[in-house]
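With the sequences and hints as input, model every part of the structure.
Going line by line, the protein sequences match chains H and P. Residue numbers for the first sequence follow the working numbering, beginning at 217 and rising by one. Residue numbers for the second sequence follow the working numbering, beginning at 5 and rising by one.
These aren't lab readings, by the way, just hints derived from the structure by calculation. Be careful, since some hints might not be right.
Between beta-carbon pairs, the in silico distance windows are [stated by the list, open to error]:
| no. | chain 1 | residue 1 | chain 2 | residue 2 | range |
| --- | --- | --- | --- | --- | --- |
| 1 | P | 232 | H | 385 | 20 to 30 angstroms |
| 2 | P | 245 | H | 276 | 40 to 50 angstroms |
| 3 | H | 325 | P | 192 | 51 to 61 angstroms |
| 4 | H | 308 | P | 192 | 47 to 57 angstroms |
| 5 | P | 245 | H | 228 | 27 to 37 angstroms |
| 6 | H | 220 | P | 15 | 43 to 53 angstroms |
| 7 | H | 352 | P | 188 | 49 to 59 angstroms |
| 8 | H | 272 | P | 26 | 32 to 42 angstroms |
Take a look, some chain P residues computed to stay more than 10 angstroms from chain H by CB distance [claimed, not checked]:
| no. | residue |
| --- | --- |
| 9 | 33 |
| 10 | 75 |
| 11 | 189 |
Every residue, glycine too, gets a C-beta built ideally from N, C-alpha and C.
Listed here are the chains, written in short residue letters.
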Amino acid sequence: MTVTALEYRVGGKHVLRGVDLEARQGEIVTVMGISGGGKTSLLKCMAGLVRPTAGTIHIGDAEISRMRESELNEQRRKTGMVFQYAALFDSLTVYENVVFGLKQHGGHRESELRERARERLAAVGLEGTEQQYPAELSGGMRKRVGLARALATDPEVVFYDEPTSGLDPVVARVIDDLIVGVRDRLGVTSVIVSHDVPNSLRISDRVAFLHEGRIVEYDTPDAIRASSNPAVQQFIQGRADGPIQIAG
Amino acid sequence: MAQASPTSGSLLRGGRELLEQTGELTLLLVRTLGVILRSGVQLGECVRQMTALGVASLPITLLTIAFSGMVLALHTANQLKKMGAEGLIGGIVAVSMAREAAPVLTAIVVAARVGSAIAAEIGTMAVTEQVDALRALGVNPVRYLVVPRFVASVLMLPVLTVFANLAGVLGAYIVAVLGAGVNSQVFISSAQSMLVPSDVYLGLVKTFVFGGIIAVVGCAQGLRTSGGAAGVGRSTTSSVVTAIVLVYVADYFLAEWMFRDAALAVG
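Structure (structure tokens):
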């Protein structure tokens, strides 16, 4: 997946100012940066949910930034997305959520759907929850169901929006291990946006740092730790003083 | 250069918002019809929506329109009795119900009950990223969310109006016959002689349009919702207000088109 010179403006605000990023097959790439810095906008552009103002996004051979909505719907079947708050469909059971995409696109027998849901829920450690509703699940369980739903269609790329935010350290570790496990078993490319420094540096193959709408550093976790960029150092050390200024 | 006054500024803003909203509703209507023509409808989801939007609205519709019929009969009976023309009451109520009262009041009840529910449900989905989740799974939100509600609303509003007609006339009958002492047979024969089939079916034709307006407005407001719970509240209120205003505007133009000849003939 390759992102080139991506710009995104909304309501007169320049959120992304020329982002370049590439993720190789089977790689875990994390985009870090402060809250409100455009990470989710970047992720939604890459997932085809938001149309960028300028630039290109290639997933395999497909350039998605100028695709029509109907073409994007086809393209999105090859990708999965795990949302920050899971975004499970409230009125559907866990089983119905997991197989939703497959069922909507047709071509699968009910027995196949049941088997796929069982496999994916087992992969995230949630066997036996098929008939429960999202409201009956904890935050960590909802995120895991969201991951099972994203994986149900066998995507080539999975996008994760803040997968561990709001979770206790133990559940956050479980989610991180799942992300790595999914990559190891299924070979999917994973693009994560997060401001969780320790976990991001631990599980990622490469880490990008988004600052003022641009990727200012993109390297291995060890290289990021040793970065001479003051904004990167301020962020990973969690200091209030430095080039990153928070309004208010 | 002359500066625009605050009043003209707000008028311009209001005009621009009105144009934007009209464009948005038209676009959603075109996309909805396009999806129906290209991909058909999901029958199971449509039936579920028809139950939720239509069948569940029946009790409140019957209650509202029955009382409206009773009030209509009360006022009409008093006036006609003064002129010694109480024999006309059945016909006047039946024609008023069939042409105007039942279609419009049913649409108002459904806009308040169903339009708001559509906007709130889809609005909540929008602010909790469930609409984005649909798109991320390669599912067109118009096909999954808008089409079933549009079909249910367009098909169920005429059905509700048929029952509303009956409830309205029955309410009027109770007040006129039991309250104002109008002869039962006179009430019925007056209704039979003045009411023609076209009054009923032209009234029902209007409700297809009203049903479409209620669904499209509710869905459009829901899909454009942002800003959490407060945003959902704003969308819900806005969907009811917009739908009611558009129902009345559409009603005028439809009445002008459908009943013009009848009005001229009477005139």
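Now for the hints, and whether the structure bears them out:
| no. | hint | result |
| --- | --- | --- |
| 1 | P/232 <-> H/385: 20 to 30 angstroms | holds (28 angstroms) |
| 2 | P/245 <-> H/276: 40 to 50 angstroms | holds (47 angstroms) |
| 3 | H/325 <-> P/192: 51 to 61 angstroms | holds (58 angstroms) |
| 4 | H/308 <-> P/192: 47 to 57 angstroms | holds (51 angstroms) |
| 5 | P/245 <-> H/228: 27 to 37 angstroms | holds (29 angstroms) |
| 6 | H/220 <-> P/15: 43 to 53 angstroms | holds (45 angstroms) |
| 7 | H/352 <-> P/188: 49 to 59 angstroms | holds (57 angstroms) |
| 8 | H/272 <-> P/26: 32 to 42 angstroms | holds (35 angstroms) |
| 9 | 33 | holds (17 angstroms) |
| 10 | 75 | holds (39 angstroms) |
| 11 | 189 | holds (52 angstroms) |
Taken one by one, the earlier hints all hold for this structure without exception.
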